[in-house]
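Taken in order, these protein sequences are the chains called A and B. In terms of the numbering used here, the first sequence opens at residue 1 and continues consecutively. In terms of the numbering used here, the second sequence opens at residue 1 and continues consecutively.
There are no misleading hints in this set.
Simulated coverage check for chain B against chain A, where a stretch passes if three residues somewhere in it have a Cβ under 8 Å from a Cβ of chain A:
(1) 50-61
(2) 65-72
(3) 99-111
(4) 182-190
(5) 194-204
(6) 223-231
Worth flagging that the hints you see were computed from the coordinates, not collected in a lab. For glycine and all other residues, C-beta sits at the position ideal for the given N, C-alpha and C.
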Amino acid sequence: MAIAETGQSSAASPLVTQLHGWVTTVDHKRIGILYILMSLFFLVVGGVEALLIRLQLWVPNNTLIGPDTFNQLFTMHGTTMIFFVVMPMLSGFANYLVPLMIGCRDVAFPRLNALGFWLALFGGCILYTSYFTGDALYGLGSAPDVGWFAYAPLTSPAYARGGSVDYWILGTLVSGVGTLTFAVNLIATILTMRAPGMKLNQVPLFVWMMLVDAGLIIVAFPPLTAAQIMLLLDRYAGAHFFDTQAGGSAILWQHLFWFFGHPEVYIMALPAFGIISEIVPVFSRKVIFGYASMAAATAAIGFISLGVWAHHMFTVGLDDRLDAFFSAASFLIAVPTGIKIFNWTATLYGGRLQLRTPMLFALGFLGMFLIGGLTGIMLATVPVDWQVSDSYFLVAHFHYVLFGGSLFALMGGCYYWFPKATGKMLSETLGAWHFWLLFVGFNLLFGPMHIAGIMGMPRRVYTYEAGQGWDFWNQLSTIGAFIMGIGFLIFFINLVLSLRSGQKAGDDPWDAWTLEWATSSPPASYNFEQIPTVRSRRPLWDLKHPEDPDWKYE
Amino acid sequence: MRSLRKGRFRQAYWGMMRWPLALALVALSPLVLVAQTPEMFDPASPDAIEIRELFYLVLAITTLIFVLVGGALAYFIYRFRDPPGAPRDDSEPPQIYGSQPIEIAWTLAPTLIVLVLSLVVIRSVIAMRSEPPTEGTLRVRAVGHQWWWEFEYPEFGFTTANELVIPTSDADAPTPVYLQLESADVIHSFWVPKLAGKTDLVPAKTNRMRLEANAAGIYEGRCAEYCGTQHAKMLIRVTAVSPAEFEKWVADQQRSAAVAASVDAGRQIFMDQACANCHTIRGEPAIGKFGPDLTHLMSRHTIASGVLENNRTNLADWLTDPDQAKPGSRMPNMRLSPTEVKQLVDYLMTLE
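Isolated chain A (complex conformation) (with noise of 0.2 Å):
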């Protein structure tokens, strides 16, 4: 088999022998590259269909775009950055760090793996040919728009002429199985391939988060895939699940994609809990205050983001039973949230913080996923959500704990792990102005959509009419969105600038202490020439100081 070896020998070889390398390849390392070019091309995607929605509401009855483009825009914008940007990332860097920091030399199931990556891929190009032969109402070349969460009974043929919605379907259906491959991998991987010596409470939290997040994974997706394939029927096999006209229900719809829906959202929020939490305690030099509760955290986190979906339906008219549940159990989740917010701001307590990038993105993290996660008790008072519900306050809410959130974590992450995969460092001028731009960027594109909100604003209006005082704040966000637009082309230069003439990184560029940095960067595609043992849950910090190692506190 032709796996080209990372380092030098692959960069002699033709180029043609090295995409053959990348294309068969069943390393986790280089699967996990793949999974984050993939995200950060889709991330451009998704980026430049926001510029637009933005552009589109810097006036008042602004005729910049029209009403079908606009809504197949919010739809792929959405669709994009949760299921082929997010999602991807974190399944690159789950697939890239967790053997290297369980210390093992692949995943359980490499091929798996490969099948896994290969799938999302496929199922983003699936939901992206619909701009060239999708058709609609609107004639060939129309994008779904029926919005990411695509409710019944909007997708019926009947209000969804055409097959642009199938696109949605199968892309992220397709997606979603490649999704459940990666899960099960990383469960088997992380319960079965631990060094000698790690036992399940010594992993790292990025690799602890990453079980649950698994976990969730398995329980949450195939309800969205069994409602996919029941949408199709309803739309090819004159099945009539969502068909409110014969008897079918459209909050059935609802309820099976919010069981789905809301955990993802901690789907896409633990990788990034983990991701901060290896983060900030290296640039503290400090070990992670209260690993246990941390950890414990994290389960209760998944267990309880299985019961709070309908709080995505409190206008629906459920019950009021169901209600007051799924608003108690909203409010509960916020209690292992605060935790971890506590922990890792008691970790930078007596630390010694070095403000680097990837520290730089740990605390924006931290100071807006608590903004985020405090609209969110907002919005879980039930009848203040019967008001701010899907208005503008709603959209600075989740884009507050999805980019402000995991976002900016996984780009954290990346400034963090970038010297591991490459063997060079990124600019450090070039991330802190990508950093500050994000985060200026970033506030007043989304603070602003708060009082949008409240000023009466709804979501996934192409336009609006002048006088509603609503003008000001969205050319604030317009502008924002720019800064941002500037901020990741910055990342995108530092990408290119670093891989080709940036400093060299050594095996542990930032003096850390779980397994990953005991090798070279990049690392041997088996990773270590010797699996390690390990004795503690910073298994470099008893190398480094053998007077006062970790295991004898643990």
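Mind docking chain B on chain A? Use the hints.
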């Protein structure tokens, strides 16, 4: 060598941080000029007021948490950042693995807060929703369509569209209106922020919602659940009038449509073309249900679900090409000649 590089990095870092902060301040300064009380915080009904109070309560609690946690975060960053220019020191700070009392404390405190909040929420949900309409209260059946609103007053036997008229309610002796919410096609959501939170209109399900206005006036709202192409232009106007005026309005609406011989040409076009298939004009052969009831079209201030002011020019433009104002609208372009449009508008303008 190494400490020199670190020092320069830090200088660059603080230098860079200064101007985004300044930029943020400049960006936020015009806030004073555009400040306008958000609709949600300027309610005109007991329910909306109760939601506002609840919002203030949660806002106060979360702001307190934000200040405490965010403050600690900011202080720790400031206090414990590696001091600029300090010589590189390979020793590590004391390692603190955790503290059981502290961790128990910050688990219990939020648990108590969310327990209290849950109880408050349950109480207000029950207070605001579970009371059924009593005998003699005004009921309106509101049906969502792509992309307009049908309002039927079953007790009075007439139907109107897009502009809901209700009598004002005395705060001391409340007379709320009960909406029976249904949908003819996809899911919509009825949202008039000054009067109440939103409730969805779900096909094959009937929802209920209480609507009340303590002062006369026009309250604007909109569809809040994405419902297809023209979701953005599915506006609601609730007009609250005094009970006496309301009675007069009801009496006017109950009359059948006016028939004037002078506009017979326009009337003929209406009945011969497809217009009559979709629109009802009570007392006439037109009994279509797909579009808004036009019996008293001219008693409404807007057309096309709040998108255009109801006047001669806009009516003519709307008939000529509905896609101009509302692309994708279900109202077809009937390709009428300018003369036909004029005759039709003449007729419609008599429907007072």
